[in-house]
Structures are given as C-alpha cells and as structure tokens.
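Sequences listed follow chains C and F, in order.
Quick note: the first sequence uses the numbering used here, first residue 115, plus one each step.
Quick note: the second sequence uses the numbering used here, first residue 283, plus one each step.
The hints are simulated quantities; they were obtained by calculation from the structure and are not laboratory data.
Keep in mind it's a predicted model, so treat the numbers as computed, not measured.
It cannot be assumed that every hint is accurate.
Claimed, not checked - Heads up, simulated BS3-like pairs for lysine-lysine below, C-alpha to C-alpha not over 27 Å straight-line:
| no. | chain 1 | residue 1 | chain 2 | residue 2 |
| --- | --- | --- | --- | --- |
| 1 | C | K138 | C | K492 |
| 2 | F | K511 | F | K522 |
| 3 | F | K289 | C | K203 |
| 4 | C | K492 | C | K426 |
| 5 | C | K223 | C | K138 |
| 6 | C | K132 | C | K377 |
| 7 | C | K204 | C | K132 |
| 8 | C | K365 | C | K377 |
| 9 | F | K511 | C | K204 |
| 10 | C | K377 | C | K607 |
| 11 | F | K522 | C | K203 |
| 12 | C | K223 | F | K340 |
| 13 | F | K289 | C | K426 |
| 14 | C | K411 | C | K426 |
| 15 | F | K522 | C | K223 |
| 16 | C | K132 | C | K559 |
Claimed, not checked - Calculated from the model, a selection of chain C residues having no Cβ within reach of chain F, i.e. all distances over 10 Å:
| no. | residue |
| --- | --- |
| 17 | R131 |
| 18 | F134 |
| 19 | R183 |
| 20 | L192 |
| 21 | M207 |
| 22 | D405 |
| 23 | D487 |
| 24 | H530 |
| 25 | V645 |
| 26 | F652 |
All C-beta atoms, glycine included, are put in the ideal place defined by N, C-alpha and C.
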Amino acid sequence: MSLLEIENLTVEFPTRRKTFVAVKDAHLTVEPGQIHGLVGESGAGKSTIGAAVMGLLERPGRIAGGLIRFRGEEISGLDAEAMQALRGKKISMIFQDPLTSLNPLFTVKQQLVETIRAHLDLSEDAAETRAVELIERVGIPNPQERVNQYPHQFSGGMRQRVVIALALCSEPDVIIADEPTTALDVSIQAQILDLIKELARERQVGVILITHDMGVIADTTDKVTVMYQGEVVESGATADVLGRPQHPYTKSLIAAVPRPTIKLARFPLISYGGRVTEFHIEDLARSWPTDASERGKPLIEADGITKTFLSKGAILPSRRQYFTAVDQARFEIRQGEVFGLVGESGSGKSTIARMIAGLYPVDGGAVRYRGQDVTAGKSGVPDWYRREIQMIFQDPYSSLNPRMRVDSIVAEPARHHGILSGPALKARVDELLDRVGLGAEAGLKYPHEFSGGQRQRISIARALATQPKFLICDEPTSALDVSIQAQILNILKDLQEHLNLTMLFISHDLPVVRQMCDRVGVMKDGQLVEVAETETLFSAPQHPYTQHLLSLMPRLDGLSNEGLNVA
Amino acid sequence: MVSYILKRILQSVLVLLIVGLVAFAMFRFVGDPVDTMLGQERTMQDIERLRESLGLNKPFFVQYWDFLVRAVQGDLGISYRQGRPVAEIIAERLPATLELAAVSGLFAMVFGIVFGIFTAIRRDGFAANAIMTLSLIGVSLPTFLIGVLLIYVFAVELSWLPSFGRGDVVQVGGWSTGFLTQSGLVALILPSITLGLYQMTLIMRLVRSEMLEVMRADYIRFARARGLKNRTIHFRHALKNTLVPVITVTGLQLGSIIAFAIITETVFQWPGVGLLFINAIQFVDIPVMAAYLMLISVMFVGINLIVDLLYVAIDPRLRT
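Required output: the full structure, derived from the provided sequences and hints.
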C-alpha cells in the first residue's frame, strides 16, 4: 500500500462561459521516504494537484473525477471538517515564498504553538518545549532565543526553515512542497533541499516536490512526473526520465534547460505544442548603424563606482548609519561583448546596473562611456548617453505601463529623445514589433493581453527603439518558463551577433550566464571579487567565493543531450 | 521610543499654534463682537472703551499672543455673551459631548467590525448582501435626516425613547454623567445611533475590503494548510492584519465624531459643546470660539498620537 495515491484525478474550474480543466486524469503515487518530483511549466497543473490533495482548491475549483487515497483510505471525498483535521496533521504543505507564508504580526513561537495545539493534545508549556525542539531540528541556531522573534527578524532561508518547522508540527507522513526554493539564493536553496532530503530519509516522510527547475529535480528527487497542460506526459525514476526521455514534450523541455557544463551556440526551442514564435533580428541589421571597427575596445568603464544607502536616519549626521551597496567596483565592458554580473541577492548587481544607466547617482568613482565621464554632471547623465543605453527589466508584468497601448510603449523612448516622429516613428515601431516576433498588429493591444514571454519581447522592442549601442539586461528571464527563456535568450544572442550590441547581463543563474556571456564579474556583498573570461571562470575559478558558488550549481550531468547544438 | 513620542508631542504643539493662528485670523471676518454686545443706544466712547477693555484694538498677533499666554496658565478668557469664564462653561458642557461621542464611537466600532467580518466571510450569503445594501443608506443619508427620522419613529409614533435632552444627570466630581440613571442611558440611544451610523458603515466597509484582501494572502493559505480552524484563521490571523488601516480611519473618525457632533446636538437639543459653539458663532463670542477650536485640535492631535502608538503595538515590524 502506497502512502499517497492519486488516481485519474481531474480538477475543473467551472466559469460562466466554459469549464477549464486544470488537471486531467493524473496519476501519481508516493511511498514513505520517497521524494517525488512534479515538474512542468506554468499552467501545467502542478500546484493544482498539491492543492487538491490538501483540500485547498481555490473557488470555484472542484475535483471532477478520480480518487486521492492516503494510506489506502480515500480522502478526496471528505467533508471540510474532516479535511481540516487531516491538514497539517498527516499531510503538510510548504509554499514558495517564505517572506509571505508567515503571519508578520505573531512570533514564531505563537505560530508554532497554535499549530501544535491544533493537532496534538499538549499543554501550553509542553507545546512551547516542542516548538523550541522543532526550531532546533530544522537547523536554526539559538532556538531558545529565536523562537520568540517575529518573522521579519529572520532571513529568507531561515524563514523557509521556520515554515518547514511549522509543517512538521505533528509529525506528518506526507509533505507537499510547492516550489520551496524558487525564491531563495543558490546556497540557501542547497541547504533547504538537504533538509528536505534528510527528513525524507530519516523520518520516512513522503514528499511531493513541485518545481519548474530541472536542476532541483535532478539533484533531489527519486521519482519524477512531468506535466504538460494538465496532463501527465511521463513518469518514472528520475534518472530514467531525465536521461532517456520518451515523450517529445519531455525531450524538448530537457533540451531547453541551460547547461552549466556545455556551451551551446543557440538554445534548442521547445517544439512540442507549437509554442515557438519566429523572430528575425537579422532583418533589423539592414537599417541599423553598426560599426564593427571599434570591436573589443572599451565601451563602458566603471572606475571604482560606489553606492551607499542610508540605513538608519538620525537628526545628527554623525549618528546616521550607511550601508555600502557597491564598494569601488572597477571593470570595463568592451564593445560587442556580453558582460555578465553574477552574485546572490543583495550583492549589488542591480545597483551597478542602475548606476551605469544613470538611475542612481554614483557616490564615488565614475562611469566612462567611450572614455567620456558621464556621471560628472550635476543633473544626472547627459541625454545623448541615455539614448545610447537602454534597459530590459526582470518583471515583464510591472515594467510595462498597463494603461498605455503597446505601440505607444515602444514608441516612447524614440519620441522622448525626438529621434523620430509621425509615419517614420510608426514604421520603426511596426518593424520592431514584427522583428521580435509579435507582428505589427500587436501594437494596437494593451500589455495585459500578452503572456510573460511576449511582454518581454515588447520590452526588447522598446529598448531597441532608439537604436542604442548598449543594453542592460537585469535578470531578463528569471520570471519566465524555461521554453520561453530559451527563445528570449536566443533573441538577445541575435542582438549581439547581428546588431553588434554590447550588453551587461545580470543574472543569479550560472548556467544561463555561461551560455550568454563572454566575460563575467562575480559580486559578493557589494565587492566585485573576480572578473574573468566566462570559460576560464567556469573551468578554473580563482576566488574562493566563485569556487563556492560553482560548487553549489546543479551539475545536470544526468540530463539527456539529445537535440543540443553544442558550440 | 521615548524620543519618538517627544518628537510627536513637539510636532503636536506646532500644529496647535498654527491652528490657533488660523482661527484668530479668521475671527476678524466673523463680525464685530462690540456690535452685538452693546445695544442700539451706544456712543463712540462706549465702543472705544469696550474695545480697549477687551483688547480688541491691538493687532491680532498681539491678541493671539495674549490668548496663548493666558491659555497656558489655564485662563481661557471670559465669554463676551455670558460674562463667565470660558473654562467653566466648557467644563459644564464637555461631559455631555464626550459621553455621546464615546457611546456612538463604541457603537460604530463594535458593529462596524462585527458586520465587516461577517460580510467578508459570508461573501455571497443573503444576509451579507442585505447588510451591504442597507449600509449604502447609512452612507448616503445626511445625519440630520437620520436624526429626524429616528425621532419620528421612536419618539413620536412609538413613544419608546425621548426625543431631546440628556435625561437626568448625576454629578460625579466636576463631571455630569448620564450613565448612572436610567433616563440618562435611554436618552443616549437615539443621538448615539444618529451620530455613529455613518462611521459604522464606513468602518464596516473598510473592515470588509481589508479582510477580503488579507484572506487572499499567502499566510492565510499557509494557516489553512497547517490545519488551523476557520475561527482561528478569521479572528486571530486575518483580523489582526486588517487592524492597521482600520485604526487609522477609526481614529480620524473618532475625532470627527467629537467635532461634528454639532448637527446631532442641534437635532436632539443635546447640551454639549457643539451647541455652545453654534451659539458662540452667532454672537461672535471670540473667547469661546477660540477655546473650542483649540480643544478640538488638541483632541485630534491626541487621537493621532494614540493611533501612531497603536500601530507600533500591533505591528512588530515598526519596532526597530
């Protein structure tokens, strides 16, 4: 008898017009001590399966067919009260974002004690003792002291440990972890995954690990189920599925994962289900003022740039406290190259990008563009420089004004700088939208009518409107699915190749950086600790921190190499 | 913490000074008190003498300064109309207003929060929809109309409740209270409902929308996943998170309950400071007007200070 069995599960969301089937005929079993990965892109129905098991489907979702059995007993038909008694006691859940999973107004102890006492018949004192034990169990130092603190006093990784402690309150048999490490840095991610592995091994907990990250699947799970648009397409032992995928979707999904060990010329595109959009950056080159003669000469020089932020205000200047976000960073970006910046969150990567873009004034040092100091002026960087550089941001949802039509969004930079107007501007906008694969008619729509990947194409079209020389890409694909990421990265590669654009590429994702960048800088706590050619950095890292980061990177050796275009 | 409170008190004093200054500047446009104080048979000498003795011939900055100097010594001046110390008149009237404000504030808060939670949890229920619809009436009807309607139904037609006045009052120390007699308590019912109805619907709608927002938060989903009971989730986790904005609005509303009791006091002939203020404006009784405005601003500033301190008490993230 399996610990948890899901048979023919179908989940529907009836709406007024039609019924949306989120999960169709899904099968899945979990044995004690086993970690079962559930992988797929957004909208695949992974999280819906987790919610269905927990009895936490959002209204109006309902289980339309199939069974969920826990230790042989059917739980999919239980009433709300019986389900609530089971939740947290026998089956627990961990959510993606540790920053929002905990109630900010209660101490960790209060939240632990209420959960313990909801399930176990313990006195207040006994529950408190257990709370401290749990905090110690999940590896938080000074449990006696920290248990009395509020969630905001913990770092992201520590908070996720608290969330796990809460899930463990009554020794559950099954834990459903929904993207438990997606919001965390690689080093923290490795620790949390180790903790989950340890729980499965030592306490024989069955784990369903929901994720979109193949690296996490490869490193952590025993079995894996691949989902595509609500249906299970493939299931089996992790090594088998990743190494010898059978289903065409699994094959194309695995092929689109950026590899840390092999450099590819281009990313293979997911060919299953018709999600590929054609684009023709090379056609832009005809009207693009390119000049390859300067190639290799420095375009941007960051000369000891420094940024400090006020961390504690006071009336007296002497009592104010400052935080140094970037400390005397010194590097150059050569014409025609893609320069990568990597580091964990808070290391100062984005602050550097903003200083170069002129969004933050520098507090020390200077940024030079073609040898000319652009940060010297009192009123920010000069206009001609702004025209030469453009930015692409991480979040495709908040970086486009929802009240503006797409053609005005794309036209805005060119119009602002007075480069083009009237029919010429419209022709430029139409051409750009067409070349990034959206088609000129996309200009008549509003941003909310597009998917995340399409919005990122709009952002790229906007960035190209002034025909810039230099692009700053700040985590341009972190919010996207792997198949969409592959397409966007291919566009960016084309921009470098055909338009001779220079790029600053910021990412926390080392495999992506290896694929995209010619040279890489590594940031740690505001310091630029190492700058090297990409291949040199990945094969022979010099700084201990770089070595540490690379050691945490999932190797992905077990992934099938079918369909890869190796450079 | 202490330095924060000190800073806030300093700011409050500044606010009071500015309110006083604006008030004094405006009094010059209300009319000439000398006209109303002296009868038809007056000579230029009478007028001059009265102006001299009241200090009205001095520039208004000097008048303001004199007012401030006396005010900090507890002397709010003498009412032009009644010829008695203003402090004494206000002390007589203030308990009536404060008791009315307290009861209607409590009424607004208790019913507003309870109905707000109810309509948020039973979002699509019949009762919740009925309450939401009725609450529109509370928001849109003007206060005086509600008062008159209530008087018509409960006092005139049904004769259950008195239509005006405070009933019997008891003196406790210098404070005249209606809480200790039956007629005093009964007399509070209609005016408190009239005064609190608008605030109640406002609080209710605010609690409802905040609650709906909070119920979508991740920590509520996680609380459910932990197997907590619905009651714990609603009243412990969700309610506390809705409190910060609710306290902000409630605080401001409490201030306006006191300041705008004027209409209710007029409708119900309630012997409070609001009625006193209306009379003072008619007779250009500057000392009374000045004292009233300063009193109201002290209350507003005080309530805001308490609201800010409550934020810190509720939200640990603000204690840094």
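Hint check against the structure, violated hint numbers in rising order: 1, 3, 5, 6, 7, 12, 14, 21
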